[in-house]
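The lines below spell out each chain.
Protein chains: 2
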Amino acid sequence: MVEDSIFLRSLDLFKDAFPGRINQILKSKEDGKKIVGTLCLYVPDEIIYACGADRVILCGGRSAPIVAAEEYLPRNLCPLIKSSFGSVIDQKCSKTKSCPHFGLVDLIVAEATCDGKKKMYELLDKYIPTYVMDLPQKPENQNALEYYIKELDSLKDVLEKLTGNKITDVLLRKEIKSANETRRLLHALYELRKRDSPPIRGTEMLKVLQQMHFLAPDEFRKNLVLLLDELKVKKRESSGPRIMISGCPMASGNMKVPEIIENRGGLIVVEESCTGTRAFWDLVDENKEPMRALAERYLKIPCACMSPNDRRIAQILQLAGDFNVDGVVYYTLQFCHGYNVEKYRVGEALKQSGIPLLSIETDYSGADSEQIKTRVDAFLEMLE
Amino acid sequence: MVEDSIFLRSLDLFKDAFPGRINQILKSKEDGKKIVGTLCLYVPDEIIYACGADRVILCGGRSAPIVAAEEYLPRNLCPLIKSSFGSVIDQKCSKTKSCPHFGLVDLIVAEATCDGKKKMYELLDKYIPTYVMDLPQKPENQNALEYYIKELDSLKDVLEKLTGNKITDVLLRKEIKSANETRRLLHALYELRKRDSPPIRGTEMLKVLQQMHFLAPDEFRKNLVLLLDELKVKKRESSGPRIMISGCPMASGNMKVPEIIENRGGLIVVEESCTGTRAFWDLVDENKEPMRALAERYLKIPCACMSPNDRRIAQILQLAGDFNVDGVVYYTLQFCHGYNVEKYRVGEALKQSGIPLLSIETDYSGADSEQIKTRVDAFLEMLE
Chain P
1 MVEDSIFLRS
11 LDLFKDAFPG
21 RINQILKSKE
31 DGKKIVGTLC
41 LYVPDEIIYA
51 CGADRVILCG
61 GRSAPIVAAE
71 EYLPRNLCPL
81 IKSSFGSVID
91 QKCSKTKSCP
101 HFGLVDLIVA
111 EATCDGKKKM
121 YELLDKYIPT
131 YVMDLPQKPE
141 NQNALEYYIK
151 ELDSLKDVLE
161 KLTGNKITDV
171 LLRKEIKSAN
181 ETRRLLHALY
191 ELRKRDSPPI
201 RGTEMLKVLQ
211 QMHFLAPDEF
221 RKNLVLLLDE
231 LKVKKRESSG
241 PRIMISGCPM
251 ASGNMKVPEI
261 IENRGGLIVV
271 EESCTGTRAF
281 WDLVDENKEP
291 MRALAERYLK
301 IPCACMSPND
311 RRIAQILQLA
321 GDFNVDGVVY
331 YTLQFCHGYN
341 VEKYRVGEAL
351 KQSGIPLLSI
361 ETDYSGADSE
371 QIKTRVDAFL
381 EMLE
Chain X
1 MVEDSIFLRS
11 LDLFKDAFPG
21 RINQILKSKE
31 DGKKIVGTLC
41 LYVPDEIIYA
51 CGADRVILCG
61 GRSAPIVAAE
71 EYLPRNLCPL
81 IKSSFGSVID
91 QKCSKTKSCP
101 HFGLVDLIVA
111 EATCDGKKKM
121 YELLDKYIPT
131 YVMDLPQKPE
141 NQNALEYYIK
151 ELDSLKDVLE
161 KLTGNKITDV
171 LLRKEIKSAN
181 ETRRLLHALY
191 ELRKRDSPPI
201 RGTEMLKVLQ
211 QMHFLAPDEF
221 RKNLVLLLDE
231 LKVKKRESSG
241 PRIMISGCPM
251 ASGNMKVPEI
261 IENRGGLIVV
271 EESCTGTRAF
281 WDLVDENKEP
291 MRALAERYLK
301 IPCACMSPND
311 RRIAQILQLA
321 GDFNVDGVVY
331 YTLQFCHGYN
341 VEKYRVGEAL
351 KQSGIPLLSI
361 ETDYSGADSE
371 QIKTRVDAFL
381 EMLE
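Sequence lines, in order, name chains P and X. Going by the working numbering, the first residue of the first sequence is number 1, and it counts up by one from there. Going by the working numbering, the first residue of the second sequence is number 1, and it counts up by one from there.
This is chain P alone, in the form it adopts within the complex (with noise of 0.2 Å):
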């Protein structure tokens, strides 16, 4: 429950920052500039910024564009992976464009994580060009990540090709400075949430970051800086168990079951997410090679897709401490393997800890609402 509900400006700079945006992309469009749309966090930023294009992310959090999808892709497949591909054949065969970013993407750089995605790419290709970099799973192997660098250095290749532009050393350390940077305030910001009270709730936090990979860095970066020094002068406070997030990316759209636990009088602390923690915790090492040096960060991301994940558990473990956690919410999309899996071993270092564990599978429909707040209820009533 926020005690305090003071109204915090800068939140709405992200949250209103839409149209704006798709204007900013109209316009660099007109002036030449390509637009590449990602929808994974393996695709590092910083070479498609550094080759003078803007980026967008197409993960799809929306219900709607899957009864499209469905026409082509299975229906036990993860929502977040049909939403994307209906959002996209959407923007380029019908006339209702709810997400025009969809429509004005000129390349979209894709990786070989997940099977659903993989495989959902080699159709995506026939709306919008497609490249799929390949991705080694097992990021822990000896030639992982030789092999990982020279998908990057191809990506460099397709970039370099897409816009006429040469990628040098200097702008990618320019680029990775400026990322750093960002990752630097989210933990400025995320250091405030270990406090008792913290100022700014889950929710809050999400829509945050859910704007992270659409917005523009500059215009990020500018609006976190205001969040923060609004913070600073706002005296605000939450309380409520604390409760981490854990499990699938909770895309733009989706906020069903992280808004029934603030609903219900949890308080997320931390989201061990790829719209939370996976999203900017560990920074690139700006003092080796660039390329080297992004290989090294990226592939160090803790998705479910690799194996053994074991930098994933250890990281759980470390948040639920630091963030002073009462219960984890295991989060999961229906249908995704990796994440489903994995959550035998994250239960079982959780229980080895101490820390109880709430498991919610679901999809984008509305259909399980009253089911996941009797359980969330249950599960915060046992951690009060």
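Mixed in with the good hints, there may be bad ones.
Identical copies carry no separate label here, and so any pair may be met within one copy or between two of them.
Derived DSS-like pairs (lysine-lysine); straight-line CA-CA distance at most 25 Å [said to hold, decoys possible]: (1) Lys34 x Lys161; (2) Lys156 x Lys288; (3) Lys138 x Lys300; (4) Lys138 x Lys126; (5) Lys174 x Lys150; (6) Lys288 x Lys207; (7) Lys232 x Lys300.
For the record, the hints were derived by calculation from the structure and aren't laboratory data.
Use these hints to put chain X onto chain P, whose structure you have.
Frame of chain P, contents of chain X only:
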């Protein structure tokens, strides 16, 4: 319908091989031989045999072990993965031990193919030491082959350490020759199936192929020769609409769909499957450096975990022509994202070639048998 149901004695050699093979493995173990378990065609048998180990396949086709597996794995996961895992824990934890070979394995050599298997292997390692090879997901990528060769080199090291034997090029060449010989015999067998009235049915052939990765290569080959000899002298003919079954593996114990197809009057003339053409179609180049030749051959296997998988689409069309196929039954296991998503591209390709398609997504239970029968009846009627 098999018009001439002349008994094939040699088929029983495959069917009845189980107890003898178990005794053979037990004896080998006493003599110090190491037993390697595999669960996928991307692990080259030749390397395992070249280091003096024996090999059995651990892919589960039975329904019974799934209940035990679901204590650890999500229900919404492919039955083959759950059955395989359940069979291992059954061997290690219970008294029933219905598939003793699961308990005789010294090391599992697994691979990062699909998400479900990759993540299941992390849990399997608690019961049987499990080594997981990485696998590039984009076989056409410039650097994929080199990465795969490095992974095979690492596998070689692991197996040499396990057995204490050195894997030389001479030994590898010997095993490549041996495996190619088996592949040639299978091609000879499949040639007979191109006839207007093939002398062997799909359900018979499948039971042969299910033994391919269970029996010792010499024994399997010896039985194949006997089968070929018998087919030459016995006049045996079968008829019915000519069906290609294409999609997921049909591991031993899982005969539901092929049996329904043939019991209802269809005639399976070719299996585009891991228990089918994918297991033996391409030969290893005997003139190249052995590890590179193996990598080239195995990376070409057109599993749906690969992207894009154009080679599979092309092969399906080629097989449909060569085997004079009337219709394709696209067979998938529930929640297998790879084959389920790829259904769209296969369907489009078949439509363009005017080949009818029946799509069946199922599990290991009998719950949908009647429904499948009705759909198969309607499909066969349409083809007649």
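**OP:** Hints the structure violates: just list their numbers, smallest first.
**Re:** Failing hints, ascending: 6 and 7.
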